[in-house]
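Enquirer: Take a look at the letters that make up each chain.
6 protein chains.
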Amino acid sequence: MNPPISRYPVPALSELPADLRERILQVQEKAGFVPNVFLALAHRPDELRAFMAYHDALLLKEDGHLKNQASSGRGLTKGEREMIIVATSGANHCLYCVVAHGAILRVYEKKPLLADQIAVNPLKADLTPRQQAMLAFALKVTRASHEVDKADFDALRAHGFDDEDVWDIAAISAFFGLSNRMANVIGMRPNDEFYLMGRVPREKKENP
Amino acid sequence: MNPPISRYPVPALSELPADLRERILQVQEKAGFVPNVFLALAHRPDELRAFMAYHDALLLKEDGHLKNQASSGRGLTKGEREMIIVATSGANHCLYCVVAHGAILRVYEKKPLLADQIAVNPLKADLTPRQQAMLAFALKVTRASHEVDKADFDALRAHGFDDEDVWDIAAISAFFGLSNRMANVIGMRPNDEFYLMGRVPREKKENP
Amino acid sequence: MNPPISRYPVPALSELPADLRERILQVQEKAGFVPNVFLALAHRPDELRAFMAYHDALLLKEDGHLKNQASSGRGLTKGEREMIIVATSGANHCLYCVVAHGAILRVYEKKPLLADQIAVNPLKADLTPRQQAMLAFALKVTRASHEVDKADFDALRAHGFDDEDVWDIAAISAFFGLSNRMANVIGMRPNDEFYLMGRVPREKKENP
Amino acid sequence: MNPPISRYPVPALSELPADLRERILQVQEKAGFVPNVFLALAHRPDELRAFMAYHDALLLKEDGHLKNQASSGRGLTKGEREMIIVATSGANHCLYCVVAHGAILRVYEKKPLLADQIAVNPLKADLTPRQQAMLAFALKVTRASHEVDKADFDALRAHGFDDEDVWDIAAISAFFGLSNRMANVIGMRPNDEFYLMGRVPREKKENP
Amino acid sequence: MNPPISRYPVPALSELPADLRERILQVQEKAGFVPNVFLALAHRPDELRAFMAYHDALLLKEDGHLKNQASSGRGLTKGEREMIIVATSGANHCLYCVVAHGAILRVYEKKPLLADQIAVNPLKADLTPRQQAMLAFALKVTRASHEVDKADFDALRAHGFDDEDVWDIAAISAFFGLSNRMANVIGMRPNDEFYLMGRVPREKKENP
Amino acid sequence: MNPPISRYPVPALSELPADLRERILQVQEKAGFVPNVFLALAHRPDELRAFMAYHDALLLKEDGHLKNQASSGRGLTKGEREMIIVATSGANHCLYCVVAHGAILRVYEKKPLLADQIAVNPLKADLTPRQQAMLAFALKVTRASHEVDKADFDALRAHGFDDEDVWDIAAISAFFGLSNRMANVIGMRPNDEFYLMGRVPREKKENP
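Residue numbers (my numbering), protein chains in the order written: chain A, 2 to 209; chain B, 2 to 209; chain C, 2 to 209; chain D, 2 to 209; chain E, 2 to 209; chain F, 2 to 209.
Each hint should be verified, as a subset may be incorrect.
Said to hold, decoys possible - 27 Å max Cα-Cα, derived DSSO-like pairs, lysine-lysine: (1) C:K141 / D:K112; (2) C:K112 / C:K151; (3) E:K62 / D:K141; (4) C:K141 / C:K151; (5) D:K112 / F:K151; (6) B:K151 / D:K111; (7) D:K112 / B:K112; (8) C:K62 / A:K141; (9) B:K151 / E:K151.
Keep in mind that the hints were calculated from the coordinates and are not lab data.
Computed from a predicted model, the values in this text were never measured in an experiment.
Using the sequences and the hints, build the whole thing.
Expert: Okay, here's the thing in structure tokens:
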């Protein structure tokens with residue numbers, strides 16, 4: 002028998018409101034399994050809907066900025082957004098987010114070592130100085146956001162981030178701070194699949 | 002000239018998408034002014050929509066539980082939910098949330114001293130032991146959610162909270178942890194109106 | 002019935018030694034009520050006398066320096082001294098001192114928002130860079146005085162403070178550190194009057 | 002040349018007001034030298050007077066309680082008061098107070114090892130459980146006075162301390178918290194004599 | 002080109018003293034590669050010899066106690082010793098030790114998820130209450146060894162650990178505290194091989 | 002009766018393996034007594050052998066570098082190595098190491114005040130800027146080695162330390178971090194002799 006994925010009751014897919022069920026089935030089709038976060042948070046459908054809307058607003062955009070944002074910067078790549086999630090979730094000791102987003106980070110960046118490096122100690126990770134600055138700010142938002150001031154914006158600007166990028170870094174850190182706290186309190190368990198994902202290079206299909 | 006309410010550009014009401022503008026006008030009609038959080042976060046309309054949906058899922062219900070939640074507990078009153086916000090926002094040194102939700106707490110509880118007490122030191126506030134236990138848990142979620150375990154649930158149960166109440170306390174703490182971080186990073190300024198609200202008893206209208 | 006103002010017995014004014022009673026009556030005449038600190042600490046008359054002597058040596062002087070101090074600086078205004086008290090008392094989570102000196106700060110500076118801003122997060126308060134530097138040093142004295150060194154003096158000098166000003170900032174922080182600890186241990190309760198004081202502009206007397 | 006005993010100007014004895022000079026000469030006669038704290042703080046005569054008055058109110062009483070205090074407890078011995086000073090000054094990293102009051106503690110208790118033990122780690126010192134409880138409370142007052150509550154009073158009562166003893170422990174901790182901060186900021190240097198005092202047993206005078 | 006495995010020069014195997022070279026070749030034969038710790042620390046041969054002697058004294062014994070230790074307890078299994086290393090190295094943010102000993106832990110325990118769980122948050126790991134108590138003590142030794150007292154020994158005894166087991170837990174935590182610090186300072190890089198080791202079940206050899 | 006020097010059984014010299022007994026008798030002859038660390042750790046002979054080998058590799062070399070180390074720096078003097086031990090052991094609240102190595106530091110440096118100064122607050126000790134930089138790095142290794150980076154090496158180089166010196170500072174801090182943890186856990190008691198050693202200048206033998 003598998004350990005429970007939450008301290009709270011987990012609804013069956015069939016019990017869920019249609020919109021949530023449909024969204025979850027889409028994810029399942031793409032990923033091959035249903036990440037436990039969807040099922041665990043579905044205990045509160047309204048909150049899950051808001052959670053997914055926030056998540057999508059921050060993460061479901063292509064590399065760089067949204068079209069409707071005036072920005073002089075290059076924006077954050079999808080991989081960089083996952084770096085922020087892994088680093089801040091590590092600081093918050095959130096097992097679910099480190100393991101699940103570590104997997105996504107490995108897949109996006111095609112670097113099988115990077116997620117473990119960032120989770121243990123971002124300063125020792127194979128990152129550019131720009132990415133190091135990004136994570137240093139994300140960790141400050143996580144641990145001492147009340148001390149953020151103009152000097153932090155200046156430091157990021159020196160690495161080519163513009164104000165919209167700073168908002169992105171802050172918002173991703175803040176949103177996963179929420180996610181980390183919920184996962185920690187309800188004892189959300191990562192799917193076993195995440196642990197290995199992205200560690201072994203996919204073999205290319207042989208041509209017949 | 003007034004100081005800016007955000008480090009970021011603040012859109013005019015007229016520039017906002019219709020749904021957001023309508024919602025904000027409703028708030029304005031009820032409160033007599035537009036709380037700055039709506040204008041400051043409207044810099045990112047999609048994020049604001051998700052923010053409001055999350056906020057409403059957690060706070061826009063009557064005292065006690067939602068109808069569709071099976072719960073053996075009494076649930077949290079609207080005042081208690083604001084106590085959680087003020088205590089955790091105090092721990093996160095978020096000026097906007099302490100001042101704005103301190104005002105709402107004073108109005109809900111009709112206790113003009115309570116918000117300042119909770120913001121400075123919840124242990125010295127005029128609260129019941131049940132409310133003290135609620136805030137102790139909220140602060141643990143805020144500061145060390147990774148150490149939450151069964152003993153915390155037991156301690157709350159001893160005060161009459163059930164598991165749904167615990168989720169509520171945790172989710173409000175987690176959501177305002179997000180809100181505190183965004184407000185701190187963008188330098189969100191509370192409306193001057195909040196500081197005095199609920200401190201002076203309203204005079205009753207005299208009968209003619 | 003009102004909650005007690007101290008865990009310890011509080012002497013009646015009539016029981017107090019004549020010198021203390023007289024001093025307290027003077028304060029009452031000026032303020033309109035007796036601040037609870039006088040009554041609560043009067044449980045130990047000798048300590049109260051020393052407390053008041055220290056308080057007066059640090060705070061009962063006009064704006065700027067005492068006449069007998071050779072100083073090249075401008076000195077601290079009465080309002081600035083209260084800013085130090087509110088900031089350090091906030092860091093020490095002392096309800097009495099934040100509420101009582103927050104009131105005095107509002108009255109001195111005629112700025113009804115300032116005390117709440119400083120109590121929650123001095124970095125977000127409406128202050129000059131000079132005042133920010135003053136509070137940063139006061140908080141370092143409060144939290145890590147053993148790390149104070151020449152660089153701290155230099156930083157303050159760059160804002161126009163001289164060595165006598167630095168002593169003043171340190172001594173006020175240190176004295177209210179004592180006061181905060183006593184108030185926290187004995188559960189000293191602020192008078193209700195302080196909470197509202199200085200928030201509503203006094204109406205000018207109409208001319209007849 | 003000796004290193005300075007303070008960052009601030011140190012007045013000559015002859016420059017001091019008569020009352021302070023007289024008091025200092027008395028100390029010198031008794032101790033054989035003038036402890037630097039008197040000279041360093043004499044830079045501000047009014048503050049030194051208040052400092053000495055507070056010091057005397059807390060420490061210049063015989064073992065046990067003052068006559069005019071109704072108390073059911075045994076009170077603190079002079080040695081125990083010095084234990085509190087050494088432990089809290091160690092926590093505040095105050096060189097002057099650890100060295101000077103370490104010396105006094107050795108003299109009072111006639112235990113040459115005790116002060117070093119308490120300064121480094123009170124838990125490893127040769128103390129009774131009652132004294133360990135006393136120091137645990139003193140350190141809580143020093144580090145987190147805002148968390149002091151009824152449970153702390155109960156724990157001390159279980160060791161035979163009454164409420165007046167608790168006040169004494171708290172007040173000594175709070176007063177030396179002030180003293181530690183001033184000494185740290187002004188760089189107050191302990192007299193060389195203190196380091197060796199009480200370490201070597203005095204030889205008894207031989208009878209003729 | 003591979004990133005360097007140390008900030009310091011790394012000797013070639015051929016340059017090493019014969020005893021170290023032989024030992025390292027033995028490890029290589031067993032593991033299939035030379036763990037970087039041997040090469041990085043070989044910069045100081047005498048220190049490496051002492052390091053290995055300490056390591057072997059603590060870890061190179063069979064499950065349970067050494068033959069010459071009188072012990073009433075069951076002793077620590079090899080897997081449990083690795084749990085201690087991963088947990089304390091996680092607390093010290095040591096990338097080398099988390100990754101290398103995480104691999105060894107997976108191999109010993111044949112549980113591919115356990116190392117990641119312990120590194121991120123031991124409280125959420127799939128462990129027995131006895132193992133949780135073991136790690137709680139190891140983390141106390143790591144973070145606040147000066148607060149260890151009789152109550153900690155009692156708590157471990159209640160889980161069946163005897164005093165020799167407690168020494169083992171403490172000594173492993175202390176030794177890897179040393180190792181973590183050296184690895185962090187010299188920037189010791191884990192071999193790529195460790196990251197995947199023990200994650201994928203070995204396929205059994207088919208019988209012919 | 003003397004208090005025990007360890008929570009664990011302490012073997013008699015006669016029970017020890019010959020090599021350990023011989024080494025201990027050598028120390029006794031030189032120092033005039035057997036430091037308790039040898040007896041307390043002899044409970045585990047293999048660990049003691051490794052401990053002494055590590056100790057000797059780091060400390061038993063003359064002032065400056067070992068002959069076989071290519072180094073451009075001046076190296077650490079024996080006194081400076083003891084400064085590192087006293088400062089880091091003070092930070093770890095290890096009574097044995099502060100007292101025992103404080104004694105050795107006084108003897109090496111012939112400065113009777115220095116050890117107490119460093120144990121309480123290195124910033125207030127009578128040290129050169131170079132020595133202050135050395136201790137600042139040692140304390141960073143002790144408290145937050147995962148944050149050590151190139152900037153720390155640069156800061157030390159500016160004071161004339163080369164990379165081999167940095168390794169020495171780090172390794173001494175790391176090794177005594179191990180020693181501190183073991184001493185704290187087993188309750189290792191310093192010999193009474195250490196407390197006074199090096200405080201009183203030795204009288205020169207009179208010529209006959």
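Enquirer: Now, for every hint given, state plainly whether the structure supports it.
Expert: Now the hints, each set against the structure:
| no. | hint | verdict |
| --- | --- | --- |
| 1 | C:K141 / D:K112 | 35 Å, violated |
| 2 | C:K112 / C:K151 | 34 Å, violated |
| 3 | E:K62 / D:K141 | 43 Å, violated |
| 4 | C:K141 / C:K151 | 13 Å, holds |
| 5 | D:K112 / F:K151 | 47 Å, violated |
| 6 | B:K151 / D:K111 | 50 Å, violated |
| 7 | D:K112 / B:K112 | 55 Å, violated |
| 8 | C:K62 / A:K141 | 41 Å, violated |
| 9 | B:K151 / E:K151 | 26 Å, holds |
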